[in-house]
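Just so you know, the protein sequences line up as chains A and B, in that order. The numbering used here puts the first residue of the first sequence at 45, with every later residue one more than the last. The numbering used here puts the first residue of the second sequence at 45, with every later residue one more than the last.
The hints are simulated quantities; they were obtained by calculation from the structure and are not laboratory data. Treat the hints loosely; a few may be bogus.
A pair counts as met if it fits within one copy or between any two copies, since identical chains are not told apart.
Stated by the list, open to error - Here are the simulated lysine to aspartate or glutamate pairs, EDC-like style, with alpha carbons at most 20 Å apart: (1) LYS270 <-> ASP129; (2) LYS274 <-> GLU140; (3) LYS124 <-> ASP272; (4) LYS274 <-> GLU137; (5) LYS205 <-> ASP104; (6) LYS274 <-> ASP129; (7) LYS274 <-> GLU168; (8) LYS144 <-> GLU277; (9) LYS274 <-> GLU136.
Protein chains: 2
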Amino acid sequence: MRPQIVLFGDSITEQSFRSGSWGASLADTYSRKADVLVRGYGGYNTRWALFLLHHLFPIDSTKPPVAVTIFFGANDAALKGRTSDRQHVPVEEYKENLRKIVQHLKECSPTMLIVLITPPIDEEGRKQFAKSVYGDKAMELPERTNEMAGVYARQCVELAKDLGICSIDIWYKMQETEGWQKKFLSDGLHLTPEGNAVVYQEVVRVFNDAQLSAEEMPYDFPHHSKIDGKNPEKAFEQQCV
Amino acid sequence: MRPQIVLFGDSITEQSFRSGSWGASLADTYSRKADVLVRGYGGYNTRWALFLLHHLFPIDSTKPPVAVTIFFGANDAALKGRTSDRQHVPVEEYKENLRKIVQHLKECSPTMLIVLITPPIDEEGRKQFAKSVYGDKAMELPERTNEMAGVYARQCVELAKDLGICSIDIWYKMQETEGWQKKFLSDGLHLTPEGNAVVYQEVVRVFNDAQLSAEEMPYDFPHHSKIDGKNPEKAFEQQCV
Chain A
45 MRPQIVLFGD
55 SITEQSFRSG
65 SWGASLADTY
75 SRKADVLVRG
85 YGGYNTRWAL
95 FLLHHLFPID
105 STKPPVAVTI
115 FFGANDAALK
125 GRTSDRQHVP
135 VEEYKENLRK
145 IVQHLKECSP
155 TMLIVLITPP
165 IDEEGRKQFA
175 KSVYGDKAME
185 LPERTNEMAG
195 VYARQCVELA
205 KDLGICSIDI
215 WYKMQETEGW
225 QKKFLSDGLH
235 LTPEGNAVVY
245 QEVVRVFNDA
255 QLSAEEMPYD
265 FPHHSKIDGK
275 NPEKAFEQQC
285 V
Chain B
45 MRPQIVLFGD
55 SITEQSFRSG
65 SWGASLADTY
75 SRKADVLVRG
85 YGGYNTRWAL
95 FLLHHLFPID
105 STKPPVAVTI
115 FFGANDAALK
125 GRTSDRQHVP
135 VEEYKENLRK
145 IVQHLKECSP
155 TMLIVLITPP
165 IDEEGRKQFA
175 KSVYGDKAME
185 LPERTNEMAG
195 VYARQCVELA
205 KDLGICSIDI
215 WYKMQETEGW
225 QKKFLSDGLH
235 LTPEGNAVVY
245 QEVVRVFNDA
255 QLSAEEMPYD
265 FPHHSKIDGK
275 NPEKAFEQQC
285 V
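Pulled out of the complex, with its shape left as it was, chain A reads as follows (with noise of 0.2 Å):
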């Protein structure tokens, strides 16, 4: 009955419902109006994630979401080479991937709102992480550089410009406050509360640039001060009797 909202993503968004996360505010937010659906998959990329792409968003659902939030990359990003390798997809390709992941969803629903989010990545904070799991077999050289990570927001950014889409460059605007490696990643990858806060906000600014924000959206049924004790049928005649 309610318009759905779908995070698809890899971990940074299969971890958003945790504490103070981005899409547990977002569901906070849209609460009694909108459902805030996760679709994260650690680990994945973009060229895993069109394994999933028609499962998840069947082109012929009567209802498809209101809104598709789709932040890969990080893993796309992994370097030839290097711990991570395994995950790494071409610039190129990722590109591509994001093309098809987005044709999709408008062939799905031509009014949804589609956003592209790109992330970014500090190598120290990746250094430490490994150090920490692996010890002394920690291999020296990053696994991810947020340079590399940087060639891939772009190309993402790109994308949006292209198909007319909307994007939030995490990426960059992360990097626009001092001490961003530690103030918004917790291991050079994934958000700290305060890192939440940035994706939560940017997404909410974009949603309601794009007409969609909760303060607009009706609730599902009445607010309980709309409610007349003595006789409640009256507020729920519309929608409800």
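Following the hints, complete the assembly by docking chain B onto the known chain A.
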């Protein structure tokens, strides 16, 4: 495609996706396994909830929820003749309304896990809250008492036994802890982070006992570690190709 868990209740449920709250924690626990949907309606009592029942849980749904929590009572137990008089529902009717909700859900799906939950009240906390909002105009007499909430809680637990379903007596459970009033309730009614943790833990315990533990539920799609970088099709063969 995924199983659904629905949280049905008043403001304690509506607010359950705020930072660190029990609904969001549940959604995180069931990430990639089940969707947790909030159907919380601040200020609602069981009488008003009945108006929504057939809309939220259509009898002919081909995919009813696998589990529903029903968390009302805080408004039903508001005292007659006090500030929240409008929300008061007599205890006998409260019990009958809960019975109707449970019976309807059983009709939707005989295998659905249905869990009734009871709320406690801290009069002193409510009084302080009223003073903070209304100043000196706040009524001296509390609009809710924990004693009365206990009368409703006992009927709720008794009903669950009668109907052979689960209940979580948060009213009783919280009072086992010294200083529960401030520790678990932020304004005498809504939950602190610690109070959210209690509700979350109890819900997870009941879900686990009912063979609905997240650990035992399958992932909707393969974990990334099961995907062969050179031959990803293989991992997706069963579910997605």
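Provide an ascending list of the numbers of those earlier hints which the structure does not satisfy.
5, 7
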